[in-house]
Amino acid sequence: MSATAWAWLVLLFPLAGSIAIGLGFRVLSERAAGALGTLAIFASFACAIGALAQLLGEPEEARHHASALWDYASGAGLKIELGIYVDPLSVFMALVVSGVSALIHLYSFGYMRSDAGYRRFFAYLNFFVFSMLLLVLAGNFVLLIIGWAFVGFASYALISFWYRRATATAAGMKAFVINVLGDVGLVLAAILLFRELGAFDFGTVFARAPEQFATDEWTIVAICLLLLVGAFAKSAQVPLHTWLPDAMEGPTPVSSLIHAATMVTAGVYLIARTHVLFELAPTAADIAAFVGLATLLIAGTIALAVTDLKRVIAYSTMSQIGYMVMGVAIGAYSAGLFHLMTHAFFKALLFMAAGSIIAAMANEQNIDRMSGFGRAMRFTAAGMLAGSLALAAFPGTSGFFSKDEILAFATERGGMYLVFTVLGYFGALLTAIYTFRLIFRVLPGKPCPEADELMRTGHVAHGEPRNPANGEPEDTDVGFPGPEHHIAEQTPSMRVAMGVLAVLAIVGGLIQIPGAWHLLGDFLAPVFADSHFAHVHPSAGAEWVGLAVGAAISLLGIWAARVLYVSRPELPGRLIERFGALHRFLVNKWYFDEAIDLLVVRPALAVGRFADRVFERFVVGGLVGGAEGTVRGAGGVVRAVQNGFVRSYALLLVIGFAGLALYFLLSGS
Amino acid sequence: MEEALFFVAAIGALAGAAGVVALRNAFYGVLALIVHLFSLAALFLLLNSAFVAAAQVVVYAGAVMVLYVFVVAYVGDAAEPAWEPIPGQRLLAPLLALALFVELSVAVLSSSLLALGGEGPDVEPGFGDPAAIGTLLLEKFLLPFEASSLLLLLAAVGAVVLAAHRRREEGGRAAAPAGERGEVAAR
Amino acid sequence: MSMEWYVVLSALLFTTGAAGILVRRSPLVILLCLELMLNAGNLALIAFSRMVGNQEGQVFALVVMVVAACEVVIGLGLIVALFRRRLPLDVDELRELRG
Numbered sequence: 001m002s003a004t005a006w007a008w009l010v011l012l013f014p015l016a017g018s019i020a021i022g023l024g025f026r027v028l029s030e031r032a033a034g035a036l037g038t039l040a041i042f043a044s045f046a047c048a049i050g051a052l053a054q055l056l057g058e059p060e061e062a063r064h065h066a067s068a069l070w071d072y073a074s075g076a077g078l079k080i081e082l083g084i085y086v087d088p089l090s091v092f093m094a095l096v097v098s099g100v101s102a103l104i105h106l107y108s109f110g111y112m113r114s115d116a117g118y119r120r121f122f123a124y125l126n127f128f129v130f131s132m133l134l135l136v137l138a139g140n141f142v143l144l145i146i147g148w149a150f151v152g153f154a155s156y157a158l159i160s161f162w163y164r165r166a167t168a169t170a171a172g173m174k175a176f177v178i179n180v181l182g183d184v185g186l187v188l189a190a191i192l193l194f195r196e197l198g199a200f201d202f203g204t205v206f207a208r209a210p211e212q213f214a215t216d217e218w219t220i221v222a223i224c225l226l227l228l229v230g231a232f233a234k235s236a237q238v239p240l241h242t243w244l245p246d247a248m249e250g251p252t253p254v255s256s257l258i259h260a261a262t263m264v265t266a267g268v269y270l271i272a273r274t275h276v277l278f279e280l281a282p283t284a285a286d287i288a289a290f291v292g293l294a295t296l297l298i299a300g301t302i303a304l305a306v307t308d309l310k311r312v313i314a315y316s317t318m319s320q321i322g323y324m325v326m327g328v329a330i331g332a333y334s335a336g337l338f339h340l341m342t343h344a345f346f347k348a349l350l351f352m353a354a355g356s357i358i359a360a361m362a363n364e365q366n367i368d369r370m371s372g373f374g375r376a377m378r379f380t381a382a383g384m385l386a387g388s389l390a391l392a393a394f395p396g397t398s399g400f401f402s403k404d405e406i407l408a409f410a411t412e413r414g415g416m417y418l419v420f421t422v423l424g425y426f427g428a429l430l431t432a433i434y435t436f437r438l439i440f441r442v443l444p445g446k447p448c449p450e451a452d453e454l455m456r457t458g459h460v461a462h463g464e465p466r467n468p469a470n471g472e473p474e475d476t477d478v479g480f481p482g483p484e485h486h487i488a489e490q491t492p493s494m495r496v497a498m499g500v501l502a503v504l505a506i507v508g509g510l511i512q513i514p515g516a517w518h519l520l521g522d523f524l525a526p527v528f529a530d531s532h533f534a535h536v537h538p539s540a541g542a543e544w545v546g547l548a549v550g551a552a553i554s555l556l557g558i559w560a561a562r563v564l565y566v567s568r569p570e571l572p573g574r575l576i577e578r579f580g581a582l583h584r585f586l587v588n589k590w591y592f593d594e595a596i597d598l599l600v601v602r603p604a605l606a607v608g609r610f611a612d613r614v615f616e617r618f619v620v621g622g623l624v625g626g627a628e629g630t631v632r633g634a635g636g637v638v639r640a641v642q643n644g645f646v647r648s649y650a651l652l653l654v655i656g657f658a659g660l661a662l663y664f665l666l667s668g669s
Numbered sequence: 670m671e672e673a674l675f676f677v678a679a680i681g682a683l684a685g686a687a688g689v690v691a692l693r694n695a696f697y698g699v700l701a702l703i704v705h706l707f708s709l710a711a712l713f714l715l716l717n718s719a720f721v722a723a724a725q726v727v728v729y730a731g732a733v734m735v736l737y738v739f740v741v742a743y744v745g746d747a748a749e750p751a752w753e754p755i756p757g758q759r760l761l762a763p764l765l766a767l768a769l770f771v772e773l774s775v776a777v778l779s780s781s782l783l784a785l786g787g788e789g790p791d792v793e794p795g796f797g798d799p800a801a802i803g804t805l806l807l808e809k810f811l812l813p814f815e816a817s818s819l820l821l822l823l824a825a826v827g828a829v830v831l832a833a834h835r836r837r838e839e840g841g842r843a844a845a846p847a848g849e850r851g852e853v854a855a856r
Numbered sequence: 857m858s859m860e861w862y863v864v865l866s867a868l869l870f871t872t873g874a875a876g877i878l879v880r881r882s883p884l885v886i887l888l889c890l891e892l893m894l895n896a897g898n899l900a901l902i903a904f905s906r907m908v909g910n911q912e913g914q915v916f917a918l919v920v921m922v923v924a925a926c927e928v929v930i931g932l933g934l935i936v937a938l939f940r941r942r943l944p945l946d947v948d949e950l951r952e953l954r955g
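Residue numbers (this note's numbering), protein chains in the order written: chain Z, 1 to 669; chain B, 670 to 856; chain A, 857 to 955.
Rather than coming from a laboratory, the hints here were simulated on the basis of the structure. Remember, it's a predicted structure, so these values are computed and weren't measured experimentally. Hints are supplied without guarantee of correctness; some may be wrong.
Simulated restraints, written as ranges between beta carbons of each label pair [what the hints assert, rightly or not]:
#1 Z:Gly622 with B:Arg835: 56 to 62 Å
#2 Z:Ala634 with B:Arg835: 41 to 47 Å
#3 B:Ala784 with Z:Phe664: 26 to 32 Å
#4 B:Leu674 with Z:Phe664: 51 to 57 Å
#5 B:Asp791 with Z:Val638: 56 to 62 Å
#6 B:Arg835 with Z:Val638: 37 to 43 Å
No residue lacks a Cβ here, since even glycine has one placed at the ideal position from N, Cα and C.
Could you put together the complete structure from these sequences and hints?
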């Protein structure tokens, strides 16, 4: 079978799964729905491997195929098809997405048991995977935008999954609105591209672009900036990032899948896919790199201060995506995508472990109340440790190799880009510190009551069901989390998923050891062969120096965290006292939400109020009422003729007759 | 001679018309109309239409007016209120009538129908005689003749239907109108 | 007398009748004014018949007289019916047919 046929199958299985579960939810039992959803994604992953095998069997230059199933519109200069594009980049993304999604489905099979909306969950999750695969496999901008929008919808549906929680629905709406903003940017970019180049499909666009645009011409810069709006909204970069922490209202598998491994990486994929355009507009590329850097640092500082377990991990996601955006913006495409892959592994693992711990804590998410899980939940603790080591770029883990490759590339480009290197390493230090802050808070120490109960009795603690964000009491019916809490130690499906990811997080980096082999870079090389930076390779020596520096920083960060949270636990308290204002600034997330409220939300509401009170009442009401009044008045005038008086009718008759006679007299003479 | 007769008859006709329009009492109006009809009969005679003049006197002034008299006697006379509910009617009506008259006169007097200016061709002595009219009615205008007789039948039936007593509603009032009529006849 | 006199007189009588209809309120008087107008028409017809020189106009006038008689009969029947039902004999009071 050809690679494109495999690719169509990759798309087909999640869609079929979603439709089957969605339509058949009444007849399917919980196990059947879960199994169907999970198997659909595994089948999709298998087909992605098939596509990969097919692609590897071809010579390098020939590894790009476009295939179309349906013509939406052709003629009159327009050619839009339901078409996919299979090349190393899209196959790579499809593999990562379907692979990690399959494992997360497996995890959810056990984790979401006893939730009243179990089947709905799997239908949505399958739909999400379908949309994400559509996005990465799309062969033209129209289908990309369709996939983009579907992913936004799926994210909304899954964030507000527990829809009877007001905080969840608010978070869902916030995510959707910000994503729509990104959609607008993306659509405008596509329209501008069509206007300039006359095509939507990738092959034609990327071939014509260098001929049509001069470097840094304002049109191409505008197009790239609009693409960046879309990318930043989807990938939660500053300033369109405020939806991501709130999105933690969704169930943990959702956070794991969408907000760690897949949806938030869509922006990185977009920039990598349209790298031809970004290389024609270096201004936009540099802006993207700086935004990535800024996000990296801002998110890192916030993660040092917040106390909700899932939110710390969310900010770390934001920070790592900043690395990826920075990477693909400065031209380190395969390095950025490598980091995307490793990040998917260890971040998904971290969220899974967090889910297990939160279940043990009876849905409590505040790390100040957690301790001692190292002994109470050994498997979960091991998984969390593996993920954290990878995140902190501990030497030898996957995160170590991927992160440092980006920074080495920045060093190699030199000049202004050294800023990225230096601040990137500083960000790595912050990463190590806040990651191990989590580890040293939650795992060692005297067991908290829930951990204690788990150790002694083997029962998971059960509190009264409450909303962890604001403490409101809830019940466990439809629209709320289910009554049972599932932890990894007791659920085999969760253990399998976490185990696989833990292994990948530790050894996944070995496919790209500098100086030895660059499997991923070589695989992706044909896609980026037309890049200006294809020749930029850090020398092996420079790469080893980078790795050494990275290792030193990682160990330094881990040691600092140990000092702060294990050896001298009173130190954080004193630091908070001394730098109280700074701490509050960080805990309030740099006041971005408040700033957006002031700059965007309030003016919008004011406009709405104005529209209602003034425009609606006077202009619209006046027009409508005026039209009504005019018609009524005219009707009234006409009605006055029909007054019922015979004599007035006779008068009108005589008037008419006299008029006619006059007319004939005048026209005759 | 002819002119003098014409003017006398014309003044009679106009006076009768003015009386119909202006007199408040309906009975006096009927009498004015009778005067008008007689004047018109005179005018018809001046125009060599003897038979039509006779028909005018016998049918119109004789039968139709008698009918009017009876109904006026039956119905009585209600004074018309002075207040005009239709705005502008009292002002516009004479104005429009005047305008209409002016237009019609202009049409007639400046007409290109030159025969209007003359006195008409010389006619043989039997012009307007019953024989001549009768011949026309039974030969050339047979259909209108028959149709008008049908029309008369219809009108008679319609009048009976309209004015018939409805036993259920007005059985009690059957005596009163008879009483009224008796009073009028006695006077 | 030239024919013009007769036709203009007919026009004058016609418009007088029209003015009467517009001004008077009693249905009886309105019918009388209607008679005026019909007779004015008759006068014009007779005048034209004399002008042309044949009697067809006179036959026409006779038919008009027949029609007038029928119409008077029906009109008076209506008035009698109104009176019987104790409705006011005033055309301004009888105005239910309106918008």
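These are the hints, each one checked on the structure:
One distance hint, 56 to 62 Å for the beta-carbon pair Gly622 (chain Z) and Arg835 (chain B), holds here, with the actual separation near 58 Å. A hinted range of 41 to 47 Å holds for the C-beta pair Ala634 (chain Z) and Arg835 (chain B), which are about 44 Å apart. The hint said 26 to 32 Å for the Cβ distance between Ala784 (chain B) and Phe664 (chain Z), and at roughly 20 Å that hint is violated. At about 34 Å, the beta-carbon gap between Leu674 (chain B) and Phe664 (chain Z) misses the expected band of 51 to 57 Å.
Restraint check, Asp791 (chain B) to Val638 (chain Z): a C-beta distance of roughly 58 Å satisfies the suggested window 56 to 62 Å. Between Arg835 (chain B) and Val638 (chain Z) the CB atoms are about 39 Å apart, so this pair conforms to the stated range of 37 to 43 Å.
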